[in-house]
Each structure stands twice: as structure tokens, then as C-alpha cells.
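Got chain A; can you put chain B on it based on the hints?
There are 2 protein chains.
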Amino acid sequence: MSEPAEGKVWKRLLEVAKEGDAREVETYLEELDDADRVHALAQLDSEELGRVLTIVSAEHAAELLEEIPDAHAAEAVGELHPHDAAEILEELWSDERADIVARLDADEADAIIAEATPETTESLRHLLQYPSDTAGGLMQTEFVAVPASLTAQEVIEHLRENVERYADFALQYVYALGERGELVGVLPLRDLLLARRKRTVDSLMISNPISVRALTPLQDLFELFDQYEFLGIPVTDDEMKIEGVLLREDVDEARVDQAVADELKSRGIISGEELRSLPLLTRSRRRLAWLSLNILLNIAAASVIALYQDTLQAAIALAVFLPIISDMSGCSGNQAVAVSLRELSLGVARPSDALRIWWKEASIGCLNGLALGCLIGGAAWLWKGNLALALVVGAALGLNTLVAVSIGGVVPLVLRRFGFDPALASGPILTTVTDMCGFLLVLSFATFALAKLAAV
Amino acid sequence: MSEPAEGKVWKRLLEVAKEGDAREVETYLEELDDADRVHALAQLDSEELGRVLTIVSAEHAAELLEEIPDAHAAEAVGELHPHDAAEILEELWSDERADIVARLDADEADAIIAEATPETTESLRHLLQYPSDTAGGLMQTEFVAVPASLTAQEVIEHLRENVERYADFALQYVYALGERGELVGVLPLRDLLLARRKRTVDSLMISNPISVRALTPLQDLFELFDQYEFLGIPVTDDEMKIEGVLLREDVDEARVDQAVADELKSRGIISGEELRSLPLLTRSRRRLAWLSLNILLNIAAASVIALYQDTLQAAIALAVFLPIISDMSGCSGNQAVAVSLRELSLGVARPSDALRIWWKEASIGCLNGLALGCLIGGAAWLWKGNLALALVVGAALGLNTLVAVSIGGVVPLVLRRFGFDPALASGPILTTVTDMCGFLLVLSFATFALAKLAAV
Numbered sequence: 015m016s017e018p019a020e021g022k023v024w025k026r027l028l029e030v031a032k033e034g035d036a037r038e039v040e041t042y043l044e045e046l047d048d049a050d051r052v053h054a055l056a057q058l059d060s061e062e063l064g065r066v067l068t069i070v071s072a073e074h075a076a077e078l079l080e081e082i083p084d085a086h087a088a089e090a091v092g093e094l095h096p097h098d099a100a101e102i103l104e105e106l107w108s109d110e111r112a113d114i115v116a117r118l119d120a121d122e123a124d125a126i127i128a129e130a131t132p133e134t135t136e137s138l139r140h141l142l143q144y145p146s147d148t149a150g151g152l153m154q155t156e157f158v159a160v161p162a163s164l165t166a167q168e169v170i171e172h173l174r175e176n177v178e179r180y181a182d183f184a185l186q187y188v189y190a191l192g193e194r195g196e197l198v199g200v201l202p203l204r205d206l207l208l209a210r211r212k213r214t215v216d217s218l219m220i221s222n223p224i225s226v227r228a229l230t231p232l233q234d235l236f237e238l239f240d241q242y243e244f245l246g247i248p249v250t251d252d253e254m255k256i257e258g259v260l261l262r263e264d265v266d267e268a269r270v271d272q273a274v275a276d277e278l279k280s281r282g283i284i285s286g287e288e289l290r291s292l293p294l295l296t297r298s299r300r301r302l303a304w305l306s307l308n309i310l311l312n313i314a315a316a317s318v319i320a321l322y323q324d325t326l327q328a329a330i331a332l333a334v335f336l337p338i339i340s341d342m343s344g345c346s347g348n349q350a351v352a353v354s355l356r357e358l359s360l361g362v363a364r365p366s367d368a369l370r371i372w373w374k375e376a377s378i379g380c381l382n383g384l385a386l387g388c389l390i391g392g393a394a395w396l397w398k399g400n401l402a403l404a405l406v407v408g409a410a411l412g413l414n415t416l417v418a419v420s421i422g423g424v425v426p427l428v429l430r431r432f433g434f435d436p437a438l439a440s441g442p443i444l445t446t447v448t449d450m451c452g453f454l455l456v457l458s459f460a461t462f463a464l465a466k467l468a469a470v
Numbered sequence: 015m016s017e018p019a020e021g022k023v024w025k026r027l028l029e030v031a032k033e034g035d036a037r038e039v040e041t042y043l044e045e046l047d048d049a050d051r052v053h054a055l056a057q058l059d060s061e062e063l064g065r066v067l068t069i070v071s072a073e074h075a076a077e078l079l080e081e082i083p084d085a086h087a088a089e090a091v092g093e094l095h096p097h098d099a100a101e102i103l104e105e106l107w108s109d110e111r112a113d114i115v116a117r118l119d120a121d122e123a124d125a126i127i128a129e130a131t132p133e134t135t136e137s138l139r140h141l142l143q144y145p146s147d148t149a150g151g152l153m154q155t156e157f158v159a160v161p162a163s164l165t166a167q168e169v170i171e172h173l174r175e176n177v178e179r180y181a182d183f184a185l186q187y188v189y190a191l192g193e194r195g196e197l198v199g200v201l202p203l204r205d206l207l208l209a210r211r212k213r214t215v216d217s218l219m220i221s222n223p224i225s226v227r228a229l230t231p232l233q234d235l236f237e238l239f240d241q242y243e244f245l246g247i248p249v250t251d252d253e254m255k256i257e258g259v260l261l262r263e264d265v266d267e268a269r270v271d272q273a274v275a276d277e278l279k280s281r282g283i284i285s286g287e288e289l290r291s292l293p294l295l296t297r298s299r300r301r302l303a304w305l306s307l308n309i310l311l312n313i314a315a316a317s318v319i320a321l322y323q324d325t326l327q328a329a330i331a332l333a334v335f336l337p338i339i340s341d342m343s344g345c346s347g348n349q350a351v352a353v354s355l356r357e358l359s360l361g362v363a364r365p366s367d368a369l370r371i372w373w374k375e376a377s378i379g380c381l382n383g384l385a386l387g388c389l390i391g392g393a394a395w396l397w398k399g400n401l402a403l404a405l406v407v408g409a410a411l412g413l414n415t416l417v418a419v420s421i422g423g424v425v426p427l428v429l430r431r432f433g434f435d436p437a438l439a440s441g442p443i444l445t446t447v448t449d450m451c452g453f454l455l456v457l458s459f460a461t462f463a464l465a466k467l468a469a470v
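Chains as they are written, first to last, in this note's numbering: chain A, 15 to 470; chain B, 15 to 470.
This is chain A alone, in the form it adopts within the complex (with noise of 0.2 Å):
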């Protein structure tokens, strides 16, 4: 119903994009539901949204721009020529401006700071010298700060001279600095509401309030921002001078990336977000990286059935089991896997928890090891009316799922204890021992029990 309208949307924008009218092209996106608008603009190559982006004024680019994601928009950015590309990032809030040039190659950014103000080229430089897991890779540059020994009354006077450059919720704290520029409190803007009007800051403030370091990591953040109700926290330097101050709602952004890129993880996409309006190789390459270590450890596991083959030949049936088997056990590991990196990531579970949590996860892989085990040793016994075949291959896929469920439950917390990813190589260590073990295990069940269970 709705495809060949929806198809008209982003070839439209293009052919009016291609007509070069700034004027049409803006009336044309402004008049398109935000819902639509994003759509479309996804749909673009990062060469056709580079020539969107150019047309209309740098105002309304850097506004397209918040409205993508920060991959497409960099790739979009890319193209432009780096004079036109510092014009429309000056448009951007500091961070939104640093993210997505630090997604940029080097040579482009160097190339875009070097056309921009010195304002916004020290910003930049600023917030770019931190990991974008840190306090400093997150905050803002833009914040009020007054002296102490200022009355309420000369504050508000201040705010109402510059309430026009900050965004609601970056002013919802006044930062009160002591004589050497140094942070000595923090004015909330309630507490400024309600305060008579000739007392100073420093009888208002809260004094030796809570500030973070630049590079204090994403999960202590994450806590402390738990922990308390505030909207924001300075991000100070070795003096106590303000770098700049992180908001909540940029914490909360930086939340939902990882648990999105965690779950990206959890399906092989590893190197960050992928979009379709990126290029053809580009995606390729990504992926395949993947891929061609999961063969390896594929022919790895696989190659234990290699040693079992006159087994496997002379009973032939059980090669339908070893997909089920490995399939399974998989499966069974990775629900341990995505509990325990729940667990890790909520600080009810810790790497030395490791032996509570191997007892818990073994608990329950005795129980969904029967169950799993007695519905494919029935499946089997109902194919082939053979006992010792349901016995081999119930067994192999109980006992295997038992071997799932600790292997997943265990390594999340093994790998976080020595610093790895747990979201990243949790997936291909588990399958990669379970296929092995379940193989070994249904093959050397069979040889075992070869006599009884020939000609199946």
C-alpha cells in the first residue's frame, strides 16, 4: 500500500535536490512528517546526502544531521567539501559536533578543523583528546558558570543576558566559581528560583559539590548517576576548573548505545553500527572479519567428527543428530551467556562469583538436560524403534547441555576478569568447546555402543 508513496519520498528529494534550489529543497523536507523525513534521508547515499546537505543553508543541515544516525552522518559529512562541512558542524551542539567528527578518517578532520573557528577548533581538540567512554567523551562545553560573590539578583541578570544559548535542560544548574576560576559549588536553578534576591551564590550554592574527572569510565558513570537524582555533573581537571558538564540525558544516550551494540554483538555485527546506506565493501568487509574467524573455529569443532567416521558410517543415522546436537547445546549455553551478562552489567554478578554462578547454571542445566535429552532420545526411538540410538544421542545432548549452561554461565565472568568483551567473545568460545564436546560425546557413545546400534 504504502510503497510506491514511501518510494516517491526519497526519489523526490532527490530530484529536487538535483533542481539545486535551497529554497524548495528546505520547503520540501519541512513540510515531510519527522518520521518520514528520517526515512527518506536514510534511504540517500552518503554522496546524495552530502549534496542535500550543501544545497540547504548550514542552519538546517546541522538539523538533518541530529536527525540521522552519527554513522550516515559522518559518512555524509565525508563528502563535503571541509569548508562546507566546519560551516554546518559550528551549527552543533559541542558533543553532537565531536562525535561525529571523531567518526571521521584523520585527514578529514584535520581537514575540517582547520576551516573552523577557533572556538569551535579548540572544543574539538578538547573533546576529542577522550575516549567516548569517558565523562570527557560524553560532555558538553557549553555551561554557566558565575563567581560566588555574585547576589542572586545579578545572576538571573546574567542568564537573561545569554538565556538564548543554552538548550533547556543544559541550564538547569549555575556553576559558582571561587576567585582562581576554580569550582567552589553548584546553584540549582530551583534553588536560585526560590532564593531572595540579594544573597549571594555562595550562600545559596552547595558547596564541594560532586564533580567527575574527564576520564572517569562510562559504568562508574552509570552509577553514580543511579545513585543520584541530578540532572548533570561538571566534568573537572586536576585544579578543579570546569571542562565541561555532563548531563544526564547523555548518559542515558550512552546507555541505550551499549546495550544497542551489545546486542549487535550478540548477532556478529562488531565493529559498530552498520546501516545500508553505507558501502557495499565497507559492510562486506565488516562482516566477513566475523566470519571467517567463526569458520575456523566451525572446521575446528568439526573436525573431531572426522575422527569418528567409521563410526559414523557404520551408523549412519546419528549424523542427523550432530547439527541438532551442536544447534541445541548453543542454544541452551547461550541463555547462561545472556544472564550472566545481565547479571555483570546490573553488578549483581562479579567475576569472582564465578563458582556460585558455574552451581546455580548447573542446577538447572541437570533439569533442561533431561528434559532436552528425553525429547530427542524420543524423537530418535520414534524414528528408528532403536533403544540404544535414543539412549546415545539423549545422553550426548543431556549431558552436553549440562557442559552448555556452565561454559556460558562461567565465561562471561572470566572474560571480564581479564579484561576482554564479554558481549564479544562469549558467543564463539561457547559454541566452539560445546560443538566439540557434544561431538565427542555422541560419537564416543556410539563407538561404545556400535554393536547395538549397526544398520540404523
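Mixed in with the good hints, there may be bad ones.
[Unchecked claim] Below 30 Å or equal to it, Euclidean Cα-Cα: the simulated DSSO-like pairs (lysine-lysine) are: (1) K466/B / K398/B; (2) K32/A / K374/B; (3) K25/A / K374/B; (4) K374/A / K32/B; (5) K374/A / K22/B.
[Said to hold, decoys possible] Some, not all, of what chain B presents toward chain A, calculated at C-beta under 8 Å: (6) R65; (7) V274; (8) R290; (9) A303; (10) S306; (11) N308; (12) I319; (13) I338; (14) S340; (15) A352; (16) E357; (17) L381; (18) L405; (19) T445; (20) V447.
It is worth saying that the hints were derived from the structure and are not from the lab. Virtual Cβ for every residue (Gly too), placed ideally from N, Cα, C.
Coordinates of chain B only, in the frame set by chain A:
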């Protein structure tokens, strides 16, 4: 290193709780740092945690409930006497309270509601009527509303009197009401601060403010909060009476929850949060529901192998490659699933884009299929030196990669179009179809080339 020390924390907590002295338990808990407290509480089963909650003051118990995951909190509250439970829940914010009560059995919830104060009962009944993925299910019932006819000075005095009732972030806007109590405007705290004190609210406020209905779904809320920078939005009924306020912070939390739930689903945890503090049988049963479905699908897929028993017997080396083809096709397909799910949630892909997405995936499928086919074919050739074997398994994996990414890319869109949850159902559909197709490809190619394969 830390194992024994950490082990001691929760055991010591149990010992202190057993002595039953409120002050001592509270002191012990307060002395722990936050991370240790969360971790120690998580080691308690619901009965033990319930015991701790009844010993300490209701206010203290409420703080503990806020720190631990809702699933665990609800289990423990379910263990309490309804009167004790009601007393503790009184101390929570309205939305947090409703989150916990919503997870209880209906009987337990009713018993607790019967013990609550009339105000709490009404707030609970009000919030619980809305599904948790709607504005009504996420809103708070605490907010500040004043007649639009008041002056700024009168509003400030009203706030002074009530300031204790509101947390920092819940008090960013004052809602202005008309004569019938309907919402007529919103006054941001910042504008109130900067206003002359004799001006009336209706001359300062933003008229016709954006508001949502209680049943507005999550996805629309995400888009709304992306588009605007407000910290909260009023939830109104048919007559524009305010039912509650939806805070950005709660919408962000819902977004994290959704990303986490999707990751859990991708690993086969489908019935919501599983923590190891939940009862063994509950955990085992929930996981088995998913595993049982998967084993049936696996058996169906593997039955294709049974059809080609003779081929397999004649070229037993193929048995080594069957699990590899099954696993690798699942891997490739899951990458495509991940990208489609992500694009759906970003709004850059829609069900009507299926054809275009299929085309984009097919291009990658050709490239990656070729690469993986060469890898596995090369491995087969190195192992057996049989070109036919290399061609059969290489061609089968290559083609099946194309099939897998096509299905993986398109199935999530189709599921979304028909109202199913793509994060949940894409996996099993993908692996069943690609397994069947992979087995069929390799074994039918092998049957065709059997003369050249004999005795590998």
C-alpha cells in the same frame, strides 16, 4: 583475592539480619559502598531479602528496593505480609511503586492494595490500568499544577511551601490550569525565574503545550523526546485534565529496557528479566519453553538429512560439513537480522522497504558467500584432496549464505508488518529455513556428483 571478602559481605548481612536488630542491619548496610550493597542484596533469595526488608524501617526498605532490579524486588515484596509491603511501597515514587506491583501475582497485588492509604490505592489503580509500554504505564502522578491566573510571585510561594515533595528532576515545569481544571499551558522553571514577579502565569506560559494520551505507545514517545528537548511532558485525558507527567528520564529508561530485552531475546531469554536469585524451577521452566520450540524446529530441519542417508553413507566426509554449514549460515543470517532490527528501531527501514533491503543484502550475500565458499572449499580440498567435495561444500555454503542474508534481512520487516515481535521470532525462523536449505543444497549437489565423491 576478593572472593572470600565478598563472600563474607552477604553472609554477614544474613547473620546480622538473623539477630533482627533494625539499627544494626541499617548501619551495616549504610556502611557498605553502593556497589557492594547491590551485590550483597542480589545474593539473597527472595525470602532472605524479604526478611531484611521487614527488619529495617519502611523508608530504608524502600531505598533498598530502588537499588535492586525490579524482578528481584517484586519477588521479595511478594514474601512480605501485605501490611508491611504496603507500608514500604508508600515510600516509593508512584511510578516505581507501580512497576513493582505490576510484577506481583494478582492475589498478592490486591492484598497489598487493600492495605494501602486511599491516595496510594488510587494512584496504583490509576497507573496499573495502562500497559507498561505506554505513556500511562511510565508516567508519575506527582507534578505541580497551578491556576493560570496566579502571578509569578504566587507560584513561587506555592513552590516554597511544597518544595520538599518534589525531586529535582520532577520539578522542571509548572503546569497551568484553566477554570475547569484543564491544562492550558506549561511554564518552564527557567522562564519563571527570569520573569517579573507580578506577571500572571497565563502571560508567561507556553500555550497549547504538547501533551500525550495515556495509551500513546513507546515508539511514539521515543520519537517525541528525540524531536524536542523537553525534560517532561504532561499526560492528559479526553478533557485535557492532567493524569500524570512523563519524564525524559523514564522514557530513556524504557529505551534501555527495550534494548536489553532485545539482547536477551537474541540469546533465548524471552520471558523477561531472569536473575539467578529467582527460584530454580521458574528459571528452568522459562528457559525450557524456548528450548523445546527450538528442538522441534531443529528436528524438522535435520530430517532433511535423513532423506539423503544413502548419499551420506557413500561420502561420509560430508557429515563433517553439515554442522559447519548450519552454523555458518546462522551466523551470516543473524548479521542481517541485526542490521534490520536496528534499522527498524531507528526508523530508517520500514516493512515496505523489503524489496530494497533484500537487494542490498543479496549483494553482500554474493560477496560473502563467495568468500566463505572458497574458505570451506579450500579446507575440504586440503583435507581430502577431492575437487568434487570442495566444489560441493563450497557451492552449498556460498549459495546458502545468499539465502541466509536474504531471509535474515527481510524476515524482521515481514514480522513487523504482521505485528509480531521481530527480535523474538526472526532467529528461529532464520535457522530453521537456512538449516533445511543448507542440508538440501549440500546433499543434493553431492547426490549429483556422487560418482566423483565416492569413498571420501
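A quick look at each hint next to the structure:
no., hint, in the structure
1, K466/B / K398/B, "holds, 12 Å"
2, K32/A / K374/B, "holds, 24 Å"
3, K25/A / K374/B, "holds, 17 Å"
4, K374/A / K32/B, "holds, 24 Å"
5, K374/A / K22/B, "holds, 19 Å"
6, R65, "violated, 18 Å"
7, V274, "holds, 5 Å"
8, R290, "holds, 5 Å"
9, A303, "violated, 11 Å"
10, S306, "holds, 7 Å"
11, N308, "holds, 5 Å"
12, I319, "holds, 5 Å"
13, I338, "holds, 5 Å"
14, S340, "holds, 5 Å"
15, A352, "holds, 4 Å"
16, E357, "holds, 7 Å"
17, L381, "holds, 4 Å"
18, L405, "violated, 17 Å"
19, T445, "holds, 7 Å"
20, V447, "violated, 13 Å"
In terms of the numbered hints stated before, the structure departs from hints 6, 9, 18, 20, listed from lowest to highest.
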